[in-house]
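Residue numbers (my numbering), protein chains in the order written: chain A, 47 to 762; chain B, 670 to 781; chain C, 14 to 135.
Hints listed in this document are in silico derivations from the structure and should not be mistaken for laboratory results. Please note that a few of the clues may not be correct.
Selected chain C positions facing chain B (in silico; Cβ < 10 Å) [said to hold, decoys possible]:
1. Y40
2. P86
3. K87
4. R89
5. E135
All residues carry an ideal CB built from backbone N, CA and C; glycine is no exception.
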Amino acid sequence: MIDGFKETFREEAEELLTGLEGILLELETKPGDQELLNAAFRAVHTVKGSAGMFGFEAIGRFAHDLENIMDRIRSGSLPMTKGFADLALASRDHIRTMLAADDAPEPDVDARTAELVEALRAYAAQVPAPPEAEADPEKAERPEGKDAGKGSSAEETVWRLSFKPGEGVFRSGTKVLRLLEELSTLGDCACFPHTENIPELEKLDPETCRTSWDAIIASGSGPEAIKDVFIFVESESELSLDKIEEAAILQEREEPKKLGEILIERGIITKAAIDEALSSQRRLGEVLVEKKLVSKEQVESALVEQEHLKRVQERQVDTGAASIRVASDKLDQLVDLVGELVTLQARLSQTALGIQDSGLTGISEMFDRLIAQLRDNTMSIRMLPIGSTFNKFRRVVRDLSLELGKDAELATEGADTELDKTVIEKLGDPLVHIIRNSLDHGIERPADRISAGKPRSGTIRLSAMHSGAYVLIQVADDGGGLDRAAIKSKALERGIISPGADLVDQEIDQLIFAPGFSTARTVTKVSGRGVGMDVVKREIDSLGGTVLLRSERGAGTTITLKIPLTLAIIEGLLVKVADEFYVIPLSSVDGCIEIKSDEVVERDGKRIITYRGELLPFVPLRTWFDSPGEAPEISQIVIVNALESRIGFVVDQVIGDYQTVVKPLGRLYRNVRGLSGATILGDGTVALILDVNRLSQAVKRDTSGRTGRDEALHDA
Amino acid sequence: MKKKPTQKVVSPAGPLGIEAAAPLRRELLAAFEEADEVLFDFSRAEDVDLAVLQVLYAAKRSAAHRGAFFALIGSVAEKVSRRLQVAGFTRSACSTGEELETSLVDFGSVSR
Amino acid sequence: MARKILIIDDSAAIRQSITYILNQEGYETTEAKDGQEALDMLPTLEGIELIITDVNMPNLDGISFIRKARELPKYRFTPILVLTTESQGTKMNEGKEAGATGWIVKPFSADKLLGIVRKVAE
């Protein structure tokens, strides 16, 4: 983008340099002329200032040295000599050369640059530079890399900030409230204003700032980023930033910091006074105010801090707790190793069974138990409380309700429910989408809510709980519920259902998960982005989970996600085709049937079987994966629930349930669509894990155009 | 001699930036001279600067001092409500002056 | 609502690039090539929400411009940002004393510029 202005800059620089030449020549005859000296400085300064903006960094650096000397000459700390005039002219010519070279490194040019810089520095060094001229560059600008790291993964620190703007800040055009808004974008922030210095109208100078703030902020951005908010008013304001020790928060997790402690910490009151007040058995704040030991405001401000700390503590439960920090890839390695142990143990017990030695069998059984424990333990290390992500959603709800002109709150439950770290990461986007959807389509506008006899403010309840090997995550809103008539007509319009379709409520509800469906009457900025609930469903499916929906007109909608505790271990059905083993995730298996080759029906070129009265397409995995040999007389068909439909996979043999550790695919298989991973069986052979959804899609595409099989199977 | 309390409503329009603070102060002072009850109507305020907010706090304090009545009324723009909430002046969103009146931190503390 | 910004710099390249960045974000802009030209324009301009000014300029430099602008009732509280280079640390303070709201250090990226504009305006 800046490129478009490069030409303008080049022309301008040429012009300035031409002017500079004239000025320098004139200076030779009038060496003390202040006007000329200023003009020369300005020309170099302008070239320098702009050069960096338009990609001429080397010119910027080079001109910097020249500019420094000129600045010192014009202020009289360096003499203007014939020698310098020559050097300056040579430098000027060199800047032109650099301009022509377009700042590209050229050995000749670079050598000349170095030579001139050395000469310039030597000239400058004849009189020592005043301290500030050189010292300032570092101070002048804060490192930019630390710029407000919104949503950064850095660990959160809790800061106590006290900000008393200078009385004159209004007069420099500063909008103080903007600063607090900016502060609040850096993290979870609670501000408490002090207004006690605002006098009566008669005594108020309306252009004087009489307000100050205490704030608590939990932020992942460093102290520099927080201070940067106030950078323009720093010199005229009182600003203090103190880290509230993490240790202090964690140790007292059971009981957040007491009001008295906060007051003592702030130096408002002494310990003795607190102890005395505490002895009176009433609320500490009241007693202290009554005794005029502290002002009501000071107590309220401390209470805000207390409440905020409580919240932060709740959140930090997941990051802290007497714990050590371990790189997550070390954990992954551990999981891998345990996985290998598990498979090796399976071989051991098989071997032990074959040998029939009672000693060996006993050891193998004990080994089995220990490894099961080790496995469970290792998996639990990867577990994190889901609460760590809840805060992000609170923010989503807050920002979005403002944007949509709605009033809604997020209530959370079960923040300490643990889930595999990878699963938590993958849940983020789908949950944001569901919550956005609830706010956008579910929660009504405040006026509509009131006329419907509901509280003005809507509630979105996000809860998590364990249920066997799964975690249930619910997003429930108390909004208007699904408008089934609207959904139906939209689905008709989109050709998702056919005109005569007779659907029960539940089936209608499911339509919102159909690809390309959106009920928003207008495409809102929020949910109408072309991604719908179908994407949510697909992502949850890819986690091996399911999505349930319940809605009552007028009362709200509840979406429940059922997610397996971990991705690393999968419950599957082990099947065999020729000599190869495949694992089909058990969560998508609907049933198994046997067929004889003469039971197959061909219809429109597709092979169809009847399953529970339904006609289903099926695919022999043997031909699909090009396995050698002939199919046996009697094959098995595993019926799976794929994304949009049921489909059967023909296999030679169904071996049985199998719990296994998933391993990522090697390069050879990575591009094969239809596989999601691999696992090692007890005897050391490899089994491939089928990605049921992608496989069924590939099959669908393939059967509609028979030639495209390789295309469908391999990502381009 | 008993007289009925007189009332005056001050209802400035626009974004109410810093420049609005001094005129507002004058207008409120004049209103206190004329009436026993002065009401500040938020309805036409598109935004509010800290300087203006300070004037409102000061007015509340003046009213208490004079034994007069000062209160906030009218609908509060969302932008205003949000700014006040973020800066900690209120704990929740307020859509009317009446709500603000009870929510603003330390707003009534000197008068009663 | 129009958010109009006045840009004062003797470098056309700088003016144009700032204008480009701000226009992209929906700000309206007006340009002046030095402090004097800007000062002459001020009385006739309406709805200026922010002024961005260079320091070193012919005719009237940025610092003097700020002092004179602050004397005009209409621009007493208008946010003013000073364009400086990192070698001019003192200019920041000088600018603040003259009544500037803040500063932008050259060279700057579009994000940096917009971040600072948002910090003082709106």
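Structure-based check of all given hints:
| no. | hint | in the structure |
| --- | --- | --- |
| 1 | Y40 | violated (16 Å) |
| 2 | P86 | holds (8 Å) |
| 3 | K87 | holds (9 Å) |
| 4 | R89 | holds (7 Å) |
| 5 | E135 | holds (9 Å) |
Checked against the numbered hints above, the structure violates only hint 1.
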